[in-house]
Amino acid sequence: MSDTLQRDDTIATPIAITGLSPSDSYRRHSRRRLLFLVAAIGVVLVSLMVDLITGPASLSIAEVFHTLLSPWGGSGREHVIVWMLRMPTALLALLVGAALGVAGAEMQTILNNPLASPYTLGVSSGACFGAALALVFGTGASLVGSTVLVPLAAFGFAMLSSATVYGIARVKGGSTESIVLGGVALHFLFSAGVAFLKFVSSEDQLAAIVFWIFGSLQGATWPKLMLVSACLLVTLPVLALDAWKLTALRLGDDRANSLGLDVRTLRRRILLIVSLLTATAVCFVGAVGFVGLVAPHIARMSVGEDQRYFLPLSAILGALLLSCASIVSKCIIPGTVFPLGVATAFIGVPFFISLILGGRSRFW
Amino acid sequence: MILDATDVTFSYRSQPVLRGVDFHAESGLTVLLGPNGAGKSTLLKCLCGLLSPEGRVVLDGRDIATLSTDERSNLVSYLPQDLSTGACLTVFESVLIGYVHRLGWRPRAADLHQVESLLEKMGLADLSQRMITELSGGQRQMVAITQSLVRDPRVLLLDEPTSNLDIEHQFHLCGLLRRLCTERSLCVVMALHDLQVASRFADTIYVLKDGLVDGAGPPASVLTRERIASVYNVVAEVNIAADNRPLITPLAVR
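Sequence lines, in order, name chains L and P. In this text, residue positions in the first sequence follow my numbering: the first is 1, and each later residue adds one. In this text, residue positions in the second sequence follow my numbering: the first is 365, and each later residue adds one.
Pulled out of the complex, with its shape left as it was, chain L reads as follows (with noise of 0.2 Å):
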C-alpha cells in the first residue's frame, strides 16, 4: 500500500523478530500476562506463609504447618496464635492491599492522572477524622467503643468525602478536573479538624490518634475479614464487566464517547465503587496510603493497560505490598508491632523508585 506512514525503520519490532503475525504476537503476549499474574499469585502465598510464621511467639515453621493443616484440631496455644490472631492479620492485610491497590488502579484511571490514589478523594482524611473524632468523643474506655465505634466513624466519613466530592463532580459534569479539586479540597478540611481534634484531646486519646493514623492490622477479626472480603466480591465483578470500557477511558473522554461509551456515568460509578473499597479498607487498618498509589504504576509497568490484567495484578501487587509489610512491621523491633504505614513505604519507595530508576522494559 503507497499510501501509509512509514515507520521508524531504526526501532526493531518485535514482529520483524518473532516473525508471528500480529494476532498470534497478541496472544502469546496474553499467555504471557495470565502465567505473570499465576506467578505473583504464588508469591503471594508464599508471602502469606512467611507472614504466618513471623511473629514474637517462637513458633517453629513445622509447628505453624502442623496447626494449619488441621484448622480444627484443637484449642492449644499454637492453634490460638495461628488461627485466630495471625491468620486474620495476614489475611486482613492481603485483603485491604487488594482493596486499596484496585481503588488506586480504578482512581489512576477514571481520572486519567498515574498521581491519583484511592485518597484522591479525600477518603483518608475522611476516615481519619470520623476515627479521631470517636476516639476523642465516643469510646472512652469501652471495648464497643474502640472495635465498633471507631472503624464505623471512619467508615462513615470516608463515605462522606467520597460522596461530597461524588456531588461536586456530579454538578460539574463528571469532569475529572472537579473530581481531584473537590478531593483536594476535602483532603484540607478533614485534615484540619484531625489537627483540631489532636489540639482538644487527651494525651491518651492523641497516642490512640497517632497510632490510628499509623495503620495497623493488629484488631483484625475473622468479622472484619468477612466485611472486607464482601466488599471485593461485590465490587470485583462489576469492574471486571467494564473492563474493555475502562482501558477505552484511557485513550480520553472524546475518543470513549466516540467509541460509544458513556464516559459521565461509567466515571461516576468507578468512583462509588473506589470509595466504597476505599473506606472499607481504611476503616479497619488505618491511613495506609502508599499501597493504592504504587501497586497500579508496578502493575502497569508489568502487564500494561488492558484492564483484564491491570486490575488483577494492581489487586495482586496491593495484597503483595501489605503482606510484606506486615511482615517486616513484625521484624524491625522483635516483640513489637512497628506501624504498618511506616512499614510499606519503608518497602515500597525503595522498590518503586528503583523501578522507575532501572528504566525497566516491558515483561511482556
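Mixed in with the good hints, there may be bad ones.
[To be verified] If the Cβ cut is set under 8 Å, some of the chain P residues that face chain L in the computed set are:
id, residue
1, Leu-414
2, Ser-416
3, Thr-430
4, Asp-434
5, Ser-437
6, Asp-446
7, Thr-449
8, Ala-451
9, Cys-452
10, Leu-453
11, Ile-461
12, Trp-469
13, Leu-476
14, Leu-483
[Claimed, not checked] Have a look at the derived ranges for each label pair, beta carbon to beta carbon:
id, chain 1, residue 1, chain 2, residue 2, range
15, P, Val-617, L, Leu-241, 53 to 59 Å
16, L, Arg-31, P, Glu-435, 32 to 38 Å
17, P, Arg-466, L, Asp-24, 21 to 27 Å
18, P, Asp-446, L, Ala-39, 35 to 41 Å
19, L, Pro-114, P, Gly-401, 31 to 37 Å
20, P, Arg-377, L, Arg-27, 45 to 51 Å
21, L, Trp-222, P, Ser-416, 51 to 57 Å
22, L, Pro-114, P, Asp-434, 28 to 34 Å
23, L, Leu-355, P, Glu-498, 17 to 23 Å
24, L, Asn-113, P, Thr-430, 34 to 40 Å
25, P, His-477, L, Ser-354, 39 to 45 Å
26, L, Leu-355, P, Asp-578, 50 to 56 Å
27, P, Arg-466, L, Asn-113, 25 to 31 Å
28, P, Glu-547, L, Leu-355, 41 to 47 Å
[To be verified] From the derived model, a few chain L residues whose C-beta atoms are all more than 12 Å from chain P:
id, residue
29, Gly-42
30, Val-64
31, Trp-72
32, Gly-76
33, Leu-85
34, Pro-114
35, Ile-168
36, Ala-185
37, Leu-197
38, Ser-201
39, Val-234
40, Leu-241
It should be emphasised that the hints constitute simulated quantities derived from the structure, not laboratory data. From the three backbone atoms N, C-alpha and C, an ideal C-beta is built for every residue, glycine too.
Knowing the structure of chain L, use the given hints to seat chain P on it.
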C-alpha cells in the same frame, strides 16, 4: 451516506460558537476551513452527536439525536484533535478497543483477525506490538484512524488530523483518506488549517467564520483571493492549476 445539518446553533455558556450553520456532506472528502475559534471543532462535535445543538443533524434521513449510542458510534467515528494519551497499550490493543461495544472477556478470533487484516492494510502490522506512547504523531494518527475504521463506520470526522505531520505525511494521510472514500464509500469530514492541503485533496470545502458558513463548494469556487482576505485577513495570490484546483500563496497580513 448523507450527512445533513440544518440551522445548527451552539453556545458554550452564553458565548455563541455556531450560529445557524447549514451543512451537507456525502461520500468523499469534505474539509472545514476557518480561522481559530470559527467553530470547526464544535461543528464536528455536533455532527457526531457529542454535543447537542439547536437545529438538526440528520444521517441518511435519521435525526442523530434519536439514534442509540451504539448505532451512532457504529455509523459515525470522531477523532479529536488531541490524541495524546499516556495509556500503556500496544497498537494492536488500541485498535482492538474499537470493538469495545462487543468485546467479551476473551476477544473473538474473528475480531482479532479483522484487526490484523486492517493493520496490514494500513501498513501498521510491523508496529502492532509497539506501545502507542512510543509512536510518532503521524503513526499515532494512523493508529487512531485504524481504530475508527475497525467498526466500518460510514462517516469519519477528523479534527485537524494533519496538525502534527510533516508535509510528506500530510500528503500520505490525505491520499489514504481519499482512497478510503472511494473504496468504502466513506464520508470524511475534516477540519484543517492548511489551505493548500485542503485545496489539493478536498471534494468540497466549507469555510467558517464567526460561527457562520462564509462559503461552501468545490475548492476553486471557495478559495478565492477575496474570501481568504476577508476570512483570514491575509493577502494571498491564488492561481488555478491544470487540475482546476487553486494554488494559494499567502503574501502578507492585511
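Verification of the hints:
no. : hint                              : verdict
1   : Leu-414                           : holds, 6 Å
2   : Ser-416                           : violated, 12 Å
3   : Thr-430                           : violated, 16 Å
4   : Asp-434                           : holds, 5 Å
5   : Ser-437                           : holds, 3 Å
6   : Asp-446                           : holds, 7 Å
7   : Thr-449                           : holds, 5 Å
8   : Ala-451                           : holds, 4 Å
9   : Cys-452                           : holds, 4 Å
10  : Leu-453                           : holds, 6 Å
11  : Ile-461                           : holds, 5 Å
12  : Trp-469                           : holds, 7 Å
13  : Leu-476                           : holds, 4 Å
14  : Leu-483                           : holds, 5 Å
15  : P:Val-617 x L:Leu-241: 53 to 59 Å : holds, 56 Å
16  : L:Arg-31 x P:Glu-435: 32 to 38 Å  : holds, 36 Å
17  : P:Arg-466 x L:Asp-24: 21 to 27 Å  : holds, 22 Å
18  : P:Asp-446 x L:Ala-39: 35 to 41 Å  : holds, 38 Å
19  : L:Pro-114 x P:Gly-401: 31 to 37 Å : holds, 32 Å
20  : P:Arg-377 x L:Arg-27: 45 to 51 Å  : holds, 49 Å
21  : L:Trp-222 x P:Ser-416: 51 to 57 Å : holds, 53 Å
22  : L:Pro-114 x P:Asp-434: 28 to 34 Å : holds, 31 Å
23  : L:Leu-355 x P:Glu-498: 17 to 23 Å : holds, 18 Å
24  : L:Asn-113 x P:Thr-430: 34 to 40 Å : holds, 36 Å
25  : P:His-477 x L:Ser-354: 39 to 45 Å : holds, 41 Å
26  : L:Leu-355 x P:Asp-578: 50 to 56 Å : holds, 55 Å
27  : P:Arg-466 x L:Asn-113: 25 to 31 Å : holds, 29 Å
28  : P:Glu-547 x L:Leu-355: 41 to 47 Å : holds, 46 Å
29  : Gly-42                            : holds, 22 Å
30  : Val-64                            : holds, 38 Å
31  : Trp-72                            : holds, 37 Å
32  : Gly-76                            : holds, 46 Å
33  : Leu-85                            : holds, 39 Å
34  : Pro-114                           : violated, 7 Å
35  : Ile-168                           : holds, 19 Å
36  : Ala-185                           : holds, 23 Å
37  : Leu-197                           : holds, 39 Å
38  : Ser-201                           : holds, 43 Å
39  : Val-234                           : holds, 19 Å
40  : Leu-241                           : violated, 9 Å
In the structure shown, a violation is registered for the earlier hints numbered 2, 3, 34, 40, in ascending order.
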